[in-house]
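K.L.:
These protein sequences, in sequence, are chains A and B.
Basically the working numbering = 1-based index in the first sequence + 556.
Basically the working numbering = 1-based index in the second sequence + 1404.
None of these hints come from the bench; they were simulated from the model.
Please note that the accuracy of each hint is not assured.
[Unchecked claim] Some but not every residue of chain B turned toward chain A, in silico, with C-beta under 8 angstroms:
hint: 1; residue: 1439
hint: 2; residue: 1440
hint: 3; residue: 1441
hint: 4; residue: 1442
hint: 5; residue: 1443
hint: 6; residue: 1445
hint: 7; residue: 1446
hint: 8; residue: 1487
hint: 9; residue: 1489
hint: 10; residue: 1490
hint: 11; residue: 1492
hint: 12; residue: 1493
hint: 13; residue: 1495
hint: 14; residue: 1496
For every residue, glycine included, the Cβ atom is placed at its ideal position computed from N, Cα and C.
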Amino acid sequence: MTTPDVHRAIDAVWRIESAKVIAGLTRITGDVGTAEDLAQDALVAALERWPESGVPDNPGAWLMATAKNRAIDVLRRGKLLERKHEELGHELEARQESPERELAAALDDHVGDDLLSLMFTACHPVLATEARTALTLRLLGGLTTDEIARAFLVPKATIAQRIVRAKRTLAAARVPFEVPRGAELAARLASVLEVIYLVFNEGYSATAGDDWMRPALCEDALRLGRILADLVPQEPEVHGLVALMELQASRSGARVGPSGEPILLLDQDRGRWDHLLIRRGLAALQRAEAPGGGYGPYALQAAIAACHASARTPEETDWTRIVALYDALAQLQPSPVVELNRAVALGMAFGPAAGLEVVDTLTSEPALEGYHLLPAVRGDLLDKLGRFAEARAEFERAASLTRNARERTLLLERAARARVDRR
Amino acid sequence: MRFMIVVKATKESEAGVLPHEKMLTDMAKYHEELQKAGVLLDASGLQASAKGWRIKYSGQKRTVVDGPFAEAKELIAGYTMIQVKSKDEAMEWARRFPNPALDGTEGEIEVRQLFELDDFGPSEAVERFRKIDVG
Chain A
557 MTTPDVHRAI
567 DAVWRIESAK
577 VIAGLTRITG
587 DVGTAEDLAQ
597 DALVAALERW
607 PESGVPDNPG
617 AWLMATAKNR
627 AIDVLRRGKL
637 LERKHEELGH
647 ELEARQESPE
657 RELAAALDDH
667 VGDDLLSLMF
677 TACHPVLATE
687 ARTALTLRLL
697 GGLTTDEIAR
707 AFLVPKATIA
717 QRIVRAKRTL
727 AAARVPFEVP
737 RGAELAARLA
747 SVLEVIYLVF
757 NEGYSATAGD
767 DWMRPALCED
777 ALRLGRILAD
787 LVPQEPEVHG
797 LVALMELQAS
807 RSGARVGPSG
817 EPILLLDQDR
827 GRWDHLLIRR
837 GLAALQRAEA
847 PGGGYGPYAL
857 QAAIAACHAS
867 ARTPEETDWT
877 RIVALYDALA
887 QLQPSPVVEL
897 NRAVALGMAF
907 GPAAGLEVVD
917 TLTSEPALEG
927 YHLLPAVRGD
937 LLDKLGRFAE
947 ARAEFERAAS
957 LTRNARERTL
967 LLERAARARV
977 DRR
Chain B
1405 MRFMIVVKAT
1415 KESEAGVLPH
1425 EKMLTDMAKY
1435 HEELQKAGVL
1445 LDASGLQASA
1455 KGWRIKYSGQ
1465 KRTVVDGPFA
1475 EAKELIAGYT
1485 MIQVKSKDEA
1495 MEWARRFPNP
1505 ALDGTEGEIE
1515 VRQLFELDDF
1525 GPSEAVERFR
1535 KIDVG
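With the rest of the complex left out, here is chain A:
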């Protein structure tokens, strides 16, 4: 292999192994920041040595062993104390007594637990949502700061600082590196799921920028979700989230037109839906049913997506079932956005007037103020009712509210059509 080949191979190894290595090292050092530094050191060592020695047979083990040796060196010299925040010092002193044993224990069969602990740490509620997202993509997704910055269209320095601050916050709050138990588990798991879905959504319908979708982010989120489902298979909502993402991702190829414009669900060419992902989504949905029966909020949304995925034509869509699923979702997780979606389903199942009735109760909802989909939906229902002038005004308002360029174009087109065709 030539040196550039080796460097590309190292990138790939890093992508595959970094989360495991960082997780194992965090267990040893008790600090995410130190662990990442050590893992980076090991990466630098690989960049120095592999071009000459070739990529080792088990590169993950090589990285881990190298990082582990550095950890031992650092621990022995007591330097870890300097690298860590003072408040953690005491805890570490206790650990320093038998660093090797600590290491041996840490590296045994803990990979799954370590990864899971790392997910819970990166998504800890002590961090702001933005920090959780950046840290999760960096530590578990193996993304570079640069990649995260590009994905979220913010300057690299902003992301770098976000990550540094997040690590500092975790250390200051003495967040233990563990998988939460009992009652705490549910709340903490919800935070992990939220972060993963947030990443997915940022890729699926970008809130800002010129492109309506950033598929790489969707794939990163799906990958994290699939990893999590393997780590906590007993948690139905994890499968619910994976099902939801697989089913939504199955439509990726159909929801963007040739010049990048969004194509709405009912107008999509269903032949372009990805049937492998649909199959995987439906399988995950089966696993998402809680032991006592019934679905959680993610599984309910996945079940709604499954209704669309199973309809060969838009006309075959079982809107009555979708309304029932939204009813269940509104009970579990009442929110104006769910109501808005329920209104769309009602409009499809029982006519635009039924939908509009619900939408009109939402127009004074403070949480939806500035939310472009409210006027967009209202415009659609008015349009179907033949109230074109009102529809046009709503589409124009929706266009003025969205931050996404592609979506704005689509909404303005609808406004124009309400003006021209139907007078």
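Based on the hints, put chain B in the right spot on chain A.
P.N.:
Frame of chain A; chain B shown alone:
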């Protein structure tokens, strides 16, 4: 992007020899790793070509030829489909694939990237493919 790791057939797989415990363990372990990493999409093994057939074309003429077929190395015995971030990552995963030869000697895998329909130019035929769910 998606890649298919194609496992080539061997004399043993063609003879219908079932994988022994060690091989099953290695394969299970490898696929578990893929799953744990969130990259596994699909995988399956194929039965011996003795249970399959070929259709040979010569202009409009079609001839059915029943298996088995001689040249084992040209045949496939299974596949594993993965979704990864880059070609290099696919290479790294492929490198870790256990030797698929049932007798542990000479085996071969081949890695191919899947076409997305968008890789083809716009065409009416491609549109028709889309409508029959092969995308």
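K.L.:
For a quick check of understanding: which of the numbered hints are violated here, in increasing order?
P.N.:
none
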